[in-house]
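Colleague: Residues per chain are reported as follows:
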Amino acid sequence: MNEMELELSRLFNAVIGEPPGQVSVHAVRRRAARHRRLTYVTATAALAVAGSLGVAFASTTTTQHRSASDHKTAARIPAYYFEQTPGNGTTRPPVNTIRSTATGAIAGTFKCPAPSPFPVSAVAAGGSPSSTTFFMACSTATKNHPHRVTGSKIYELTVSRSGHVSALKLMPGGTLAHQVPMDLGASPDGSELAVSDYVSGYRVLVINTKTGRQAVWTADAPGGGELQSLSLSFADRGRELAAFGRVSGGTEMVSVSPAWQGGNLDSGHVVFSGYQDVPSPVAAILSPSGKTVTLGGLDNRAGSRVVSINAVTGKMTRVLLTIRKGGLRFLAEDPSGRFILVVGGYTHNAFNGWIKNGNLVPLPGLRGLPNTETW
Amino acid sequence: MNGQEDEFARFVEARERTLQRTAWMLTGDWALAEDLVQTALAKAWLRWERITRRDDPEIYVRRAMLNTWLTWRRRRWHSEKASAELPDSAAPGDLAAEIAARETVRQVLTRLTDKQRAVLVLRVVDDLSEAQVAQVLNCAVGTVKSTMSQALAKLRGDQRLVELMEAERR
Chain A
46 MNEMELELSR
56 LFNAVIGEPP
66 GQVSVHAVRR
76 RAARHRRLTY
86 VTATAALAVA
96 GSLGVAFAST
106 TTTQHRSASD
116 HKTAARIPAY
126 YFEQTPGNGT
136 TRPPVNTIRS
146 TATGAIAGTF
156 KCPAPSPFPV
166 SAVAAGGSPS
176 STTFFMACST
186 ATKNHPHRVT
196 GSKIYELTVS
206 RSGHVSALKL
216 MPGGTLAHQV
226 PMDLGASPDG
236 SELAVSDYVS
246 GYRVLVINTK
256 TGRQAVWTAD
266 APGGGELQSL
276 SLSFADRGRE
286 LAAFGRVSGG
296 TEMVSVSPAW
306 QGGNLDSGHV
316 VFSGYQDVPS
326 PVAAILSPSG
336 KTVTLGGLDN
346 RAGSRVVSIN
356 AVTGKMTRVL
366 LTIRKGGLRF
376 LAEDPSGRFI
386 LVVGGYTHNA
396 FNGWIKNGNL
406 VPLPGLRGLP
416 NTETW
Chain B
182 MNGQEDEFAR
192 FVEARERTLQ
202 RTAWMLTGDW
212 ALAEDLVQTA
222 LAKAWLRWER
232 ITRRDDPEIY
242 VRRAMLNTWL
252 TWRRRRWHSE
262 KASAELPDSA
272 APGDLAAEIA
282 ARETVRQVLT
292 RLTDKQRAVL
302 VLRVVDDLSE
312 AQVAQVLNCA
322 VGTVKSTMSQ
332 ALAKLRGDQR
342 LVELMEAERR
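One line per chain: the protein sequences are A and B, in this order.
Residues in the first sequence are numbered consecutively from 46, following my numbering.
Residues in the second sequence are numbered consecutively from 182, following my numbering.
Hints are computed from structural coordinates only; laboratory data are not their basis.
To give an idea of the interface, some chain B residues facing chain A are shown, with a C-beta separation under 7 Å as derived from the structure: (1) 201; (2) 227; (3) 305; (4) 306.
Backbone N, C-alpha and C fix where the C-beta goes; we use that ideal spot for every residue, glycine too.
Using the sequences and the hints, build the whole thing.
Modeller: Below, the structure written as structure tokens:
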């Protein structure tokens, strides 16, 4: 592409924004079935009544206009999200809540069952259109020495679309001795969970949330760096694990597949490394389809930027959000990969919401910075 | 679900947003863009087995989308223009400026012929190579180059677009 084409590409991608609706595979199949039926009807009518213009007209007009029912299967914004409000460090402990996205109303409040004063250290969500499963890592400690961490446990709870919150239960394979997870990444359907920790080196466990089976991924690199975010996606080659983090000289995302196999992360495919449009990246998430990366971080103008990157070419496809209210803290994608939640700024000038058509729609819950948040 | 259905579902999930953005560049309206993508994908689904065996699904769907759009353009109702959709909730940032920018791009694109617009969108928004654009449009690579050159010449002379590009650069 020449200079003008590149500039146009940047402009168009910035201007177009996000499609407001989703084209679901069910809607496409319904339309195809209708098209097939109408073709049959048209052909039959044409045979039976020569020159039957009415049927032909009906077949063209019906296929062009979307029926209202097509919208029913489109991905919907998550009805509930997990939020951990910060405590004051002494008398008021952090509170974990499940809140309604629409109203901010609290559907459930819970605390880590393990005897430890430490709050949830990491959280992830996966699920289906009818319910979302939240996974939370809680540190464990002995009763006599509550501040001495002895390990961690991963708990799960499910929230239905109608707001029913299940009891908190220990996830199969969720007892991790002497480890404090730094990040969690759930597969879109919630059947697998990636957990990163540091035990004399970076390590990522991929745990089957139904059977508890674990696969271990080690990392020689990032040399002197750190793992920042994990994601599990459906890719053509099977379940794909993507790890994003700092390496010597910058940041990069590495993906490995199949995720349940285990091995060394350094042998993985480098999805992208460094990114000039987001000079200080904070988090990067591979979409459920494995085709797109959402990258967020600080830009050069004391603001934050979230961009979309083609996972195949490593090139930026569009800017999802630019906000001039301080640095991005974290971002999360819902299990459909369609709705992106961003949190950042400062305590008295925080931004906390989700991206819609290039703008941030504030979440109605906490006025300030949460410790952690996901949906 | 059999393998074909799985593969098609994965294709739709992975590509629908990109296709919708391409469709918006052609139609200038999100509702029509969604309709156009659904129509093209429905056509592809009816021939999916053959497409995956003989053709590249990406190319096929884009070709179906462009042909459908051109058919719509030839019909009389294409003259109907939907107005810009207003946001349904308050949001920070200069929303008016963003809507104005989108509207400007939409208006600038109407200055191009259908073919110029199709080439520009495939090349610049979809990032297809000249050879791939030629494959989608079923024409020679030379035709793609000359059409692109004509489109860029028209756009270069548009002051509104030049101003938008300068603003984006800043």
